[in-house]
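Asks: So you can see what is in the structure, the chains are spelled out below.
Protein chains: 2
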Amino acid sequence: MSKAYTEMTKEELLAEKKVLEERYNEFKAKGLKLDMSRGKPGTDQLDLSSALNDITDYISDGADVRNYGMLDGIPSCKKLFGDLMGVDAKNVIVGPSASLNLMFDYIGQCFTKGAGAKPWSQLDEVKFLCPVPGYDRHFTICEYYGIKMINVPMKEDGPDMDMIEDLVKDESVKGMFVVPKYQNPTGITFSDEVVERIAALKPAAKDFRIIWDNAYCVHDIVEDGDKLLNIFDVLPKYNNEDMVIEVCSTAKMTFPGAGVSALIASDNNIAQIKKRLNAEVISYDKMNQHRHVEFFKDANGVIEHMKKHAKILKPKFDIVLNHLEEELGGKGIASWFNPKGGYFISLDVMNGCAKRTGELCKEAGVVLTTVGATYPYGIDPNDSNIRIAPSYPPVDELDLAAQLLCICTKLACIEKLVG
Amino acid sequence: MSKAYTEMTKEELLAEKKVLEERYNEFKAKGLKLDMSRGKPGTDQLDLSSALNDITDYISDGADVRNYGMLDGIPSCKKLFGDLMGVDAKNVIVGPSASLNLMFDYIGQCFTKGAGAKPWSQLDEVKFLCPVPGYDRHFTICEYYGIKMINVPMKEDGPDMDMIEDLVKDESVKGMFVVPKYQNPTGITFSDEVVERIAALKPAAKDFRIIWDNAYCVHDIVEDGDKLLNIFDVLPKYNNEDMVIEVCSTAKMTFPGAGVSALIASDNNIAQIKKRLNAEVISYDKMNQHRHVEFFKDANGVIEHMKKHAKILKPKFDIVLNHLEEELGGKGIASWFNPKGGYFISLDVMNGCAKRTGELCKEAGVVLTTVGATYPYGIDPNDSNIRIAPSYPPVDELDLAAQLLCICTKLACIEKLVG
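Same order as they appear, the protein sequences are chains S and L. In terms of numbering that gives the first Met the number 0, the first sequence opens at residue 0 and continues consecutively. In terms of numbering that gives the first Met the number 0, the second sequence opens at residue 0 and continues consecutively.
No lab work stands behind these hints: they were computed from the structure. Keep in mind that the hints are not guaranteed to be accurate.
The list treats identical chains as one, so a pair stands whether inside a single copy or across any two.
Stated by the list, open to error - Straight-line C-alpha distance at most 30 Å; calculated DSS-like pairs for lysine-lysine:
id, residue 1, residue 2
1, Lys-273, Lys-361
2, Lys-313, Lys-112
3, Lys-415, Lys-310
4, Lys-274, Lys-32
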C-alpha cells in the first residue's frame with residue numbers, strides 16, 4: 000500500500016502532485032461534461048416503469064378517478080402506501096408528485112395554524128435541528144420560512160442523540176427534518192436505538208415536529224439492505240404519536256417528474272392536515288395514483304420493482320467506491336461510507352479541501368453537488384464534505400468522473416499540505 | 000301568463016300550495032338521489048379526453064419529461080397556456096393538477112414573504128373584497144388564512160366598481176379573488192369597462208393583489224360566447240402589472256381529477272413565485288403537461304375541444320332554464336341570469352327563502368350547493384341565492400331535478416308569503 004499523504008515529505012508530495020497534474024490535464028483535454036450533482040435516476044431506470052403508461056382505465060374501487068373528489072387520495076393508493084410503510088391506510092394522505100411539496104406545505108401549516116399551539120408565524124424565533132451533512136432541500140425549506148438552523152453531526156448510527164436530547168430543552172427548537180434510512184448524503188440508516196431515542200424525545204416545545212423524510216424507504220442496492228425500525232410502532236409507547244410526520248414518494252421508484260407522494264401521520268395530524276387540504280386542493284392527481292396502484296399491484300410489487308433499480312444502481316456505486324478505495328485508500332486524506340442503498344456516497348476530505356476539490360472537478364468538466372450544500376446556509380464549517388450522486392451518468396462516464404474526482408481530491412489535499 | 004305570487008290573495012296562495020304539495024309528494028315518492036351541487040363535468044364530458052391516455056412518449060423539446068427538472072413547466076406547455084391566455088410564455092408557470100392549489104400557495108406566499116411589502120402574517124388585519132355571490136373555495140382560502148372578507152355585490156357587468164374603488168382606500172384591504180368570465184355562480188362576464196376600472200385601481204395598499212381566477216376562460220356554451228378583455232393588456236397603462244395574478248386550468252377541459260393548471264403574472268411576480276417554488280417543488284407533473292400539449296397541439300386545439308363540451312352542456316343549461324322560465328317566470332319570486340358559458344346558473348329567490356328551498360329539495364332527494372356557500376362565511380345576508388350546477392347529472396335526471404327545484408322554490412316562497 001502506498002504511503003499516506005499525511006506522512007509524506009514536502010518533496011514527496013510535490014512529486015506526487017506533478018504526476019497528478021499530468022493525469023488531471025489529460026482529463027481536462029477530453030473536454031468532459033459529466034454531472035454527478037443530483038440524485039437523478041438514469042434513463043435506464045426510468046425505462047423500468049414504462050408499463051405505467053399502458054394503464055388507461057380509470058375506475059378504482061368503483062369510482063371514476065378522472066373527476067373531482069377524494070381529497071386524501073384514492074383508497075387503493077392509500078392502502079398501497081399504508082402496507083408499504085407499515086401503517087393503517089387511514090393514516091395516509093396521498094399527495095402530489097413530490098414529497099417535497101408535502102413537507103413545504105406542512106411547515107407552512109405550522110406557521111399559519113400552528114401544530115397544536117401558537118402559529119409559528121407569531122413566535123419571535125423558530126429553530127430546527129439539522130443533522131449534518133444533510134439534504135439541501137430541507138435546509139432550503141427552513142431558510143424560506145426563516146427557521147434558524149442548528150447543526151447536529153451525523154454519527155455512524157444516526158444523528159448525535161445526546162446533543163439532540165439536550166437541544167430540545169430549548170422551547171424555541173420546534174423540529175427537525177431527518178432522512179432516517181440511507182440518509183442523504185451519508186447513506187447511514189438510523190439504528191434501532193436512535194429511532195427509539197427519537198421517539199422518546201421530550202422536547203420543551205409541545206409542538207415539536209419531526210419530518211421523517213423516508214425518501215429511500217425501499218431503495219436498497221444490495222439484497223440484504225438496512226432495516227429501519229418503524230417509528231410509528233414506537234411512538235405510542237411514549238405518547239408521542241403527534242410528533243412525527245412521515246413522507247415518502249415514488250419519485251425514485253417510477254418517474255421523478257411524475258410520481259406520487261404520500262404523507263403518514265397520527266389521527267390528530269391527519270385531521271389537521273385534511274382541514275388545510277380542504278382549502279388547498281380538490282384532490283391531487285388521482286389518475287396517476289390509479290396508474291401507480293395498477294402498475295405495482297401491492298407493496299410486494301414495489302419491493303420486486305426496486306430490485307430492478309438495485310441491479311442498475313449497484314454497479315454504479317461500485318465504480319465510485321472502487322475508485323475511492325484504489326486512489327484514496329490509506330492516503331489519510333479522505334473517508335467515506337459504503338451504503339447499502341439510497342442515492343449517494345458521502346465523501347469527507349481533509350478539512351479545508353472540499354471546495355477546492357469541487358473547483359478542480361468543475362474546471363475539468365465534472366459537476367458535483369455544490370460543495371457546502373449538504374450544510375445549512377451552504378456553509379460546511381470544515382469545508383470537507385462532498386456529496387457524490389452516481390445514479391445519473393452512464394457507467395462509462397461515471398468511471399471517468401469518479402477517477403477525476405479522486406485526482407482532484409488528491410490535488411486539493413496536496414495543495415493544502417504543501418501550503 | 001299566470002298571476003304573480005306577490006299579487007295573489009292568501010286563499011289563492013294556499014290553493015296553489017296544495018297543488019304544489021301534491022306534485023312535491025309525487026317527486027318524493029320516486030326516491031330520487033340527484034346531485035346539482037358541484038360544477039363537476041359529466042362522464043360523457045370526461046370521455047372527450049380519452050385520447051390523452053394514448054400519449055405515451057416522454058420527450059418534449061428534446062428533454063425527458065420523466066425525470067427531475069423544469070421547475071416552471073415544460074416550455075411547450077408554457078407556450079400553450081401563453082397562447083391561450085394571450086401572454087408571453089415567460090409569464091406563465093405551469094402548475095399542479097388544480098389552480099386552487101396555485102391560489103392557496105400564492106396567498107401563503109403573501110403571508111410568509113409579503114407581496115413587495117411586509118409579510119401579511121405580520122399585519123394586524125388583512126381584508127379581501129369578495130364579489131357576491133361568489134365562489135365558495137375562494138372564501139375558504141380567505142378563512143384559512145384569517146383574511147377578513149367584505150361583501151361587494153355583483154352587478155350586471157361585474158362587481159360594484161364604485162364600492163371597490165372606495166374600499167381600496169383602506170390600506171388593510173389587500174386584495175380580492177374574482178372570476179372575471181362566466182363568474183361563479185352568476186355566469187356574468189366582466190365588461191370591458193369593469194376590467195379597465197379594475198386595472199386602473201389605485202389601492203392604498205401597494206401590495207394589493209387581485210387573483211384573477213379565469214377558470215372559465217374558454218368555456219363558452221354558445222357559439223358567440225362572451226369576450227373578456229385581457230387584463231394584462233390593460234395593466235401596463237396604469238403601471239399595475241404586479242397587481243394581478245391570473246390562474247386557469249384544464250380541469251374542465253380534460254380531467255378535473257388529473258388536469259394541468261397555470262399561473263400568469265408579471266415578470267416581478269413570476270420571479271418571486273419561482274423563488275418559492277424552488278423551495279416547494281422540484282417540478283410539477285411534467286408527463287401530464289406533455290400529454291396535454293400532445294393532446295391539444297395548440298391553443299386552437301383547445302378552442303375546438305371546448306366546442307365538444309359546449310355541445311353536451313348547452314342542452315343541460317337549457318333544461319334548467321326552460322323549467323325556470325316555465326315555472327317561475329312572471330311569478331315575482333325569483334330571478335336568474337342566462338349565461339353564455341361557465342358551469343352555473345345563479346337563481347335568486349325571494350329574500351328569506353333560499354335555505355328553505357334547499358331543505359325541501361334535499362328532503363326529496365336533490366342536493367343543491369349548500370345554500371349560503373356562495374357568500375363569505377356561508378352567510379347569505381338575504382338568504383336568496385341558490386347556485387345550480389347542471390353539468391353532472393344525466394339529462395333525464397337533470398330534468399327531474401330542475402322541476403323539483405322549481406316546485407320547492409314556489410313552496411318556500413308561498414310559505415313565506417302566507418307567513
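Asks: Does each hint fit the structure? Answer for all of them.
Replies: Against the structure, the hints come out as follows:
no.	hint	verdict
1	Lys-273 <-> Lys-361	between (46 Å within a copy, 26 Å between copies)
2	Lys-313 <-> Lys-112	neither (44 Å within a copy, 43 Å between copies)
3	Lys-415 <-> Lys-310	neither (39 Å within a copy, 75 Å between copies)
4	Lys-274 <-> Lys-32	between (48 Å within a copy, 28 Å between copies)
Violated hints for the displayed structure, listed by number in ascending order: 2, 3.
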